[in-house]
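Start from the sequences and build out the full structure, keeping to the hints where you can.
Listed below are the residues making up each chain.
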Amino acid sequence: MKFKAVIDQPDLLRDSINAVSTLINEAVFKVTKSGIELRAMDSANVSMVEMRLLASAFRSFDVDKETEIAVNIGDLTSVLKRAKSTDSLTLELKDNQLHIEFSGETKRSFNIPLLDLKQEQKAPSLEFPVMIKIKSEIIEDGINDAEIVSDAIILEADTSAFTMRAEGDNRKTELKIEKGDEALIELKASSKVKSIFPLDYLKKFIKAGKLSPEANLHLGNEYPMKLDFKVLDKLQLSFILAPRIESE
Amino acid sequence: MKFKAVIDQPDLLRDSINAVSTLINEAVFKVTKSGIELRAMDSANVSMVEMRLLASAFRSFDVDKETEIAVNIGDLTSVLKRAKSTDSLTLELKDNQLHIEFSGETKRSFNIPLLDLKQEQKAPSLEFPVMIKIKSEIIEDGINDAEIVSDAIILEADTSAFTMRAEGDNRKTELKIEKGDEALIELKASSKVKSIFPLDYLKKFIKAGKLSPEANLHLGNEYPMKLDFKVLDKLQLSFILAPRIESE
Amino acid sequence: MKFKAVIDQPDLLRDSINAVSTLINEAVFKVTKSGIELRAMDSANVSMVEMRLLASAFRSFDVDKETEIAVNIGDLTSVLKRAKSTDSLTLELKDNQLHIEFSGETKRSFNIPLLDLKQEQKAPSLEFPVMIKIKSEIIEDGINDAEIVSDAIILEADTSAFTMRAEGDNRKTELKIEKGDEALIELKASSKVKSIFPLDYLKKFIKAGKLSPEANLHLGNEYPMKLDFKVLDKLQLSFILAPRIESE
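Protein chains in written order, with the working numbering: chain R, -6 to 241; chain A, -6 to 241; chain V, -6 to 241.
Don't read these hints as lab results, they were simulated from the structure.
Misleading hints may appear alongside valid ones.
Just so you know, same-sequence chains aren't split out, so a pair can sit in one copy or run between any two.
As the list claims (entries may be wrong) - Simulated pairs of lysine-lysine, DSSO-like, Cα-Cα distance not exceeding 27 angstroms:
1) K165 - K111
2) K100 - K197
3) K223 - K23
4) K100 - K219
5) K172 - K187
6) K(-3) - K187
7) K(-5) - K187
Here is the structure:
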């Protein structure tokens, strides 16, 4: 079993692991010739994260056969936090440890222990009647606005508009964006939908917005949501969240 | 009763409400054709704040008759904090709520409940023998310097100089500025004065310094002080503070 | 006894006193015609600091005879923190107090009490087989990297390389820099050395890195270290630290 990969954009790895780290404690990465993959439920079993760091994001990517690398995510983030954005970063399996090397003005290396865990999470099969391509910061605005009045957010869409709103305690907030607005890049809706989601999860997901200025949001009616961030040819990061089943 | 006003500088509203919010919990705004006015004692009855946001600060300002709008100031600041400085902001009375809309890349709106309160505070009648027009940051320096050694500050002025000083526990600090110094824009004194004030209040007032690079300070001998910040044709914000009656 | 000195770079004084202030509570400065000197053990008697602010760092420096000035270091740092980097700063002995004046847009002055203490610390006599001239930020990187896995750092050097590393709990980190690397300005080693040091002290010392982009590190085998920061003709700041006597 041999794995060695070099990436010149440590931010890509650091920021995606950071977003993931708020949801899970241990990460099981599947490494194949296509890249590095992670799929996991959060510890409360309410959300799922899928991360795909493509081999094409790396300067070099060598793996002899499919393998799984399990580590404590806190170990990994504390190491990645130490990278400078000008460093190039090498990941390598060595002596049953994950060896991470930063190469910049100096050579700096970190070893973290491997865990004995397997990835068993299957991708859920979901179909969404609504797809919204939107500036990531708009979603962030809606989430932070909603937080003023509630701990949940109502996401609604129809063929012409997307609305994020919250209500509580005689207070209300609403962000509405319509087809034709510059920040709403695309809106495809085959029906009118409405679902309610817990804000605490969305606040974690939206951290990934720093990776990509645009996000794809998939919605249904009283149905889970899926939020995707992509960096072309490099990274796909998806978050799936169950709706809150309750009347407004 | 109809009220709708649009302002293109949300910072003006946000920063003045922020300065006021450290003193009071509920705000009763009087809205007339001239603009929006607030006059209130702080909850400890030691200081008074007067705010006048002139109709000319707004892009449009429509009110059919004099009316009072009372809201929780925490509600208001948490909403205004969400504005971007490029947003234009609409205030409107609607369905017995204050409706605030941000218009930028998207339309975002917030509703906060009205309170059933009246403004009853009368303006005190004060005459000051000393008026000092000075850079706001100089006052801020004097306050922060004084805080190192005491919880009170001594303000002194005569025909030629203005002094902010503090003493305590074998430590001393003094900021002195004289006629002719560039940062002392104007000094009018008909007599020599000295008063002592609690620093905690001054630290709250001086937050308004970010609204205006210059301040007008009015002083008397063992007498209240009045600190004014103005943005020409837009905003007047005044703080009045009772002196500490004590020997040094 | 007369002492008055004016310095146009308040940062020089503030940053060096700041670095020192994490180690000691009272400072006894020896003032001579050559400048201002401080030598002290930290309160746990594990490290020693030596500071020399040369008379040539000052615009004017007048002292009639060698004298000692003892102050509470908290008093001094809280005053120096109030200086703007464009202020010129005057230190003066007056009425048995240390009088510090900032001269900028205004004149601001602070008086702090003198303490009745003497400096009795002798310089230790140490000889180091290894001297390393290195960018300060490299040392800072090594210290912060090590902190992820341990509370101690192993410093090693031989004729060709300098290594900072840490181990703990199945985790490892290593920063290695070799002769010829740009960030390693000079490496003189007459033998191979290795010593272990507590990270908490190094984290305090390295604050002085903001004063000087380069540092001189002196090492021996299971022997104290000495870390020097210099600003040519102005400042010398040295930290000496006892090694941890333990097997890895």
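Consistency of the hints with the structure:
{"no.": "1", "hint": "K165 - K111", "verdict": "between (45 angstroms within a copy, 24 angstroms between copies)"}
{"no.": "2", "hint": "K100 - K197", "verdict": "between (33 angstroms within a copy, 24 angstroms between copies)"}
{"no.": "3", "hint": "K223 - K23", "verdict": "within (19 angstroms within a copy, 50 angstroms between copies)"}
{"no.": "4", "hint": "K100 - K219", "verdict": "between (40 angstroms within a copy, 24 angstroms between copies)"}
{"no.": "5", "hint": "K172 - K187", "verdict": "within (18 angstroms within a copy, 64 angstroms between copies)"}
{"no.": "6", "hint": "K(-3) - K187", "verdict": "neither (45 angstroms within a copy, 31 angstroms between copies)"}
{"no.": "7", "hint": "K(-5) - K187", "verdict": "neither (48 angstroms within a copy, 33 angstroms between copies)"}
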